[in-house]
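Note that my numbering has the sequence shown beginning at 152, numbered continuously upward.
Please note that the accuracy of each hint is not assured.
Computed spacing ranges between beta-carbons, pair by pair [as the list claims (entries may be wrong)]: (1) 181 x 284: 27 to 33 Å; (2) 298 x 243: 32 to 38 Å; (3) 181 x 259: 27 to 33 Å; (4) 176 x 225: 18 to 24 Å; (5) 182 x 278: 31 to 37 Å; (6) 259 x 220: 16 to 22 Å; (7) 260 x 299: 21 to 27 Å; (8) 181 x 260: 22 to 28 Å; (9) 220 x 182: 31 to 37 Å.
No lab work stands behind these hints: they were computed from the structure. Cβ atoms here follow ideal geometry from the backbone N, Cα and C, with glycine treated the same way.
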Amino acid sequence: YRCRGWNADDAQPAEDAAWAADEVQRLYGDVPVCLVGHGVGGRAALRAAGHGAVTSVLAMAPWLPDPTAAEPEPVKQLVGRRVLIVHGTNDERTDPELSYRLAERAKKANRDTCRFEVHSDGHALRQHRSEVVALAADFVRGSLFARSYARPVADALAAP
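Throw the hints in and build the complete structure from the sequences for me.
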């Protein structure tokens with residue numbers, strides 16, 4: 152990213168994520184893109200999901216604005232994309248409740264949205280690292296290469 156933090160309305164990390172998707176298209180042509188981010192990068196990935204090449208988003212412990220903000224975090228850009236949000240329940244840097252609320256709103260706009268809570272894990276998702284890596288890898292492989300998802304992801308995406 153060109154800068155640190157979100158920097159108000161400029162949303163530079165989301166612009167950087169969209170630039171990265173542009174570069175993938177420029178270099179490799181018409182290929183599906185999965186945006187993956189952690190913390191502020193998770194929010195950037197969610198925001199940049201409207202890019203034409205993006206087919207899926209993996210947001211881990213996304214930093215989201217205070218729910219009292221004038222405008223709620225948008226979800227319409229997630230329509231038509233597969234979305235996985237992963238958050239530790241003991242995260243002290245980013246509020247897991249905010250990603251839960253976002254996932255609820257996103258699921259109403261886009262059924263291909265799911266969220267996993269990693270119980271007793273913090274922001275870095277280290278305590279259950281192997282499970283988180285397996286979940287993320289399954290989601291990315293399934294989303295980019297049209298492979299079947301393992302049962303946890305398949306069931307979560309199918310849930311109402």
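Going through the hints against the structure:
1. 181 x 284: 27 to 33 Å: Given about 29 Å between the Cβ atoms, the range holds.
2. 298 x 243: 32 to 38 Å: Once the Cβ atoms are compared, 35 Å apart, the range 32 to 38 Å for residue 243 and residue 298 holds.
3. 181 x 259: 27 to 33 Å: Distance hint for residue 181, residue 259 holds at roughly 30 Å.
4. 176 x 225: 18 to 24 Å: Roughly 23 Å apart at Cβ, these two residues keep to the hinted range, so it holds.
5. 182 x 278: 31 to 37 Å: 34 Å, holds
6. 259 x 220: 16 to 22 Å: 19 Å, holds
7. 260 x 299: 21 to 27 Å: 25 Å, holds
8. 181 x 260: 22 to 28 Å: Taking Cβ atoms as reference, residue 181 and residue 260 lie about 25 Å apart, which means the hint holds.
9. 220 x 182: 31 to 37 Å: Since the Cβ atoms of residue 220 and residue 182 sit about 35 Å apart, the hinted range of 31 to 37 Å holds.
Every hint, counting from the list given before, is met by this structure.
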